[in-house]
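If you're matching them up, the sequences are chains A and B in order.
Just so you know, the first sequence maps onto residues 1 to 322 in our numbering.
Just so you know, the second sequence maps onto residues 1 to 263 in our numbering.
Each hint should be verified, as a subset may be incorrect.
Said to hold, decoys possible - Facing chain B, according to a computed beta carbon distance under 10 angstroms, are these residues of chain A, among others:
1) Lys17
2) Lys18
3) Pro102
4) Leu104
5) Glu115
6) Gly134
7) Asp175
8) Pro178
9) Gln272
10) Arg278
11) Phe295
12) Thr299
13) Tyr300
14) Ile302
15) Glu315
Said to hold, decoys possible - Capping the alpha-carbon separation at 25 angstroms, the derived lysine-lysine pairs in DSS-like fashion look like this:
16) B/Lys201 to A/Lys182
17) A/Lys182 to B/Lys2
18) B/Lys66 to B/Lys261
19) A/Lys17 to B/Lys261
20) B/Lys2 to B/Lys54
Since the hints were derived computationally from the structure, they do not count as laboratory data.
All values derive from a computational prediction rather than experimental measurement.
For glycine and all other residues, C-beta sits at the position ideal for the given N, C-alpha and C.
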Amino acid sequence: MGNGILVVAEHDGSNFKKTAYELLAKAKALAGGAPVSALVMGRSDAGDLGEYGAATVYTADGDVFAHYTPGAYVKALQAAVSAADPAVVLAPASAEAKDAFPRLAARLGVGYATEVTELRVDGGAVVGRRPQYGGKAFSDVHVSSSVALFTVRPNSFPAGVATGGSSNVVALSLDLQPGDVKTTVVDSEEPSGDVVDLTEADRIVSGGRAVKSKEGFDTIIRTLAASIGASPGASRAAVDAGYAPHSEQVGQTGKVVNPTLYIACGISGAIQHLAGMRTSKVIVSINKDPEAPIFALTTYGIVGDIFEVCPLLTEAFTAALA
Amino acid sequence: MKIGVLLKQVPSSDEQIKIADPSAGIATGDIKWTINPYDEYAVEEALRLKDAKKASSVVVYTVGGKAVEQRIRDALAMGADGAVRLDDPAFEGSDCLGISRILSAALKADDVSLVMAGKQAIDGDNAQVPMMVAELLDWACVGVVSKLEIGDGSLKAWRASGGGVQDVVEANLPAVITADKGLNEPRYASLRGIMMAKRKKILVKGAADLGLDGATVGAGAAHVVEDAWSLPPARPAGRILEGDNAQRVQELVRALHEEAKII
Numbered sequence: 001m002g003n004g005i006l007v008v009a010e011h012d013g014s015n016f017k018k019t020a021y022e023l024l025a026k027a028k029a030l031a032g033g034a035p036v037s038a039l040v041m042g043r044s045d046a047g048d049l050g051e052y053g054a055a056t057v058y059t060a061d062g063d064v065f066a067h068y069t070p071g072a073y074v075k076a077l078q079a080a081v082s083a084a085d086p087a088v089v090l091a092p093a094s095a096e097a098k099d100a101f102p103r104l105a106a107r108l109g110v111g112y113a114t115e116v117t118e119l120r121v122d123g124g125a126v127v128g129r130r131p132q133y134g135g136k137a138f139s140d141v142h143v144s145s146s147v148a149l150f151t152v153r154p155n156s157f158p159a160g161v162a163t164g165g166s167s168n169v170v171a172l173s174l175d176l177q178p179g180d181v182k183t184t185v186v187d188s189e190e191p192s193g194d195v196v197d198l199t200e201a202d203r204i205v206s207g208g209r210a211v212k213s214k215e216g217f218d219t220i221i222r223t224l225a226a227s228i229g230a231s232p233g234a235s236r237a238a239v240d241a242g243y244a245p246h247s248e249q250v251g252q253t254g255k256v257v258n259p260t261l262y263i264a265c266g267i268s269g270a271i272q273h274l275a276g277m278r279t280s281k282v283i284v285s286i287n288k289d290p291e292a293p294i295f296a297l298t299t300y301g302i303v304g305d306i307f308e309v310c311p312l313l314t315e316a317f318t319a320a321l322a
Numbered sequence: 001m002k003i004g005v006l007l008k009q010v011p012s013s014d015e016q017i018k019i020a021d022p023s024a025g026i027a028t029g030d031i032k033w034t035i036n037p038y039d040e041y042a043v044e045e046a047l048r049l050k051d052a053k054k055a056s057s058v059v060v061y062t063v064g065g066k067a068v069e070q071r072i073r074d075a076l077a078m079g080a081d082g083a084v085r086l087d088d089p090a091f092e093g094s095d096c097l098g099i100s101r102i103l104s105a106a107l108k109a110d111d112v113s114l115v116m117a118g119k120q121a122i123d124g125d126n127a128q129v130p131m132m133v134a135e136l137l138d139w140a141c142v143g144v145v146s147k148l149e150i151g152d153g154s155l156k157a158w159r160a161s162g163g164g165v166q167d168v169v170e171a172n173l174p175a176v177i178t179a180d181k182g183l184n185e186p187r188y189a190s191l192r193g194i195m196m197a198k199r200k201k202i203l204v205k206g207a208a209d210l211g212l213d214g215a216t217v218g219a220g221a222a223h224v225v226e227d228a229w230s231l232p233p234a235r236p237a238g239r240i241l242e243g244d245n246a247q248r249v250q251e252l253v254r255a256l257h258e259e260a261k262i263i
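Chain A with its partners taken away, still in its complex shape (with noise of 0.2 angstroms):
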């Protein structure tokens, strides 16, 4: 496997993301004893990632790194791509990710695959599966350039487990050029709370239309996710009808998640929803209609009323934690 695999590594300002540990631990059983390494941008240590398969990392760090801009990342990608001369890079299908890897391809003129949920050898090859039509439909895809570059689906891959190791830490010059960086941020909105990104999210508890109102939304939604750190989400229904923000949004024209655990609440199944939460590992339905589309997918439905049975889920829940 040539030089090997690079895969970036993301972090939320102290701990590395779950997205870095899945990925270390993928790139480690495809590349069959080719060197991996890794990619940090914005701090110059390399944390535990050693441990987790990381043999060199890769560092960039400065005051460019305070807030996302492409021109920065992209920079810092192509150096490291140049020191590294990997074969295949992997970065999560993260929003700042799947901003820079098109630029990226484009810079260096190679092939560029966008989330991906499988990653396999074949002839030698790193071979990708992704979903399409928002997981209406699946396809293999073959990146034939010197550098293959993808971008993966979180909770895709298990995370490793720390077996020993460390480190080389190579410290990146970018030797940046006025006009590298075209953006700049001027405002940063950090969410309320510590609600995990949905695409993100290990467990999600999603509302639809039949919550009936924004205070439907909050009181029987919101507090059923809270009580096990689930994220929230909604149906294109839901947010057409300004029960939820856009930003919280299932489905093809949303969010397309990939969670431990769905529970939807009063969805009924639209096709376009289905498509965007259909490869949750466990789902859980509790609508009215035991004829609803969303029950084809369900893993434990319940028909019933979700202003009835969402508020006794709460409390078994917050039971069951306590």
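Got chain A sorted already, so can you dock chain B onto it with the hints?
Using the frame of chain A, we list chain B on its own:
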């Protein structure tokens, strides 16, 4: 200032997808087509900027055969001034980078200074072309934008970053913006708009018109190839829980804890 809008035709989000030939992609026979929903926000935002006298004209760009002209007409009926359809046998089989090379050549030739696009097309879900176009033109790009202000030669955009963070970003024009849901509420075409759209001209341009080397686009230049298409794997059968509400809720919590082992 001329605004270029990148437009793609996609199957409606209400469509069930079928596979006829696993090597070729989805079956397109009886599909209902629409403008990519995110591109509609891009068209609408461009038209609003023109309404506010911040732009002189709005031109739609799309890569595709004659079959996509109805979608172009839809955008013209909303109020776009003109359209360029990029079509050439040499474009066949392009990957996202190839498509971006075609579009950026056309935008450059037309002296466009703001490009509006959808944050992704809901068919391939690639979310690549607008950023690639920006890179090829050496322009700024702000993606996944839910609010936009255009000043004198500059812009301010509200974009979704990771972890639910909302960034306010400034950049100079020329630039590429990709639209998220929430940017605006797209207008419906008026009857007058639909009638006027029939008279608007759709320019058709090929590789030679753009001065584009055919070898840099199309199947021969594509680094990304997709095959082995399938529908999503079936999910294992689930079960409907029985009893009164209290019993069913207890059973659910037990199952999530003991069977699924996730609570």
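Verification of the supplied hints:
Hint status for A/Lys17: holds, given a least beta-carbon distance of 9 angstroms to chain B, under 10 angstroms. Of the supplied interface hints, the one on A/Lys18 is violated, with its beta-carbon coming no nearer than about 12 angstroms to a beta-carbon of chain B, more than 10 angstroms. At its closest, the beta carbon of A/Pro102 sits 4 angstroms from a beta carbon of chain B; the interface hint therefore holds under the 10 angstroms criterion. Restraint check, A/Leu104 versus chain B: the minimum CB separation of about 8 angstroms is within 10 angstroms; hint holds.
Taking 10 angstroms as the C-beta cut-off, the interface hint given for A/Glu115 holds, the closest approach to chain B being about 7 angstroms. With a cut of 10 angstroms, the hint placing A/Gly134 at the interface with chain B holds, because the nearest CB-to-CB distance is about 6 angstroms. Given hint, A/Asp175 at the interface with chain B, is violated; its Cβ is 17 angstroms from that chain's nearest Cβ, farther than 10 angstroms. Restraint check, A/Pro178 versus chain B: the minimum CB separation of about 12 angstroms is more than 10 angstroms; hint violated.
At a threshold of 10 angstroms, the smallest CB-CB gap from A/Gln272 to chain B is about 4 angstroms, leaving the interface hint in force. For A/Arg278, the interface hint holds, since its Cβ comes within 10 angstroms of a Cβ in chain B; the closest pair sits about 6 angstroms apart. Annotation: interface hint on A/Phe295 holds; nearest CB of chain B at approximately 7 angstroms, less than 10 angstroms. With its C-beta approaching chain B no nearer than about 4 angstroms, A/Thr299 sits inside the 10 angstroms limit, and its interface hint holds.
Annotation: A/Tyr300 was flagged as interfacial toward chain B, and the flag holds, the nearest CB pair being 6 angstroms apart, inside 10 angstroms. A hinted interface residue such as A/Ile302 counts as satisfied when its beta carbon comes closer than 10 angstroms to some beta carbon of chain B; here the least separation is about 5 angstroms, so the hint holds. Against a cut-off of 10 angstroms between C-beta atoms, the interface hint on A/Glu315 holds, since the closest Cβ of chain B lies about 8 angstroms away. For the proposed pair B/Lys201 and A/Lys182, the alpha carbon gap of about 35 angstroms is over 25 angstroms, so the pair is violated.
With a C-alpha separation of about 21 angstroms, the suggested pair A/Lys182 and B/Lys2 falls inside the 25 angstroms cut-off, and the hint holds. This hinted pair does not check out: B/Lys66 and B/Lys261 have alpha carbons roughly 54 angstroms apart, beyond 25 angstroms. For the hint pairing A/Lys17 with B/Lys261, the CA-to-CA distance comes to about 23 angstroms; that is within 25 angstroms, so the pair holds. In summary, the hint linking B/Lys2 to B/Lys54 is supported, as the alpha carbons are separated by about 9 angstroms, within the 25 angstroms threshold.
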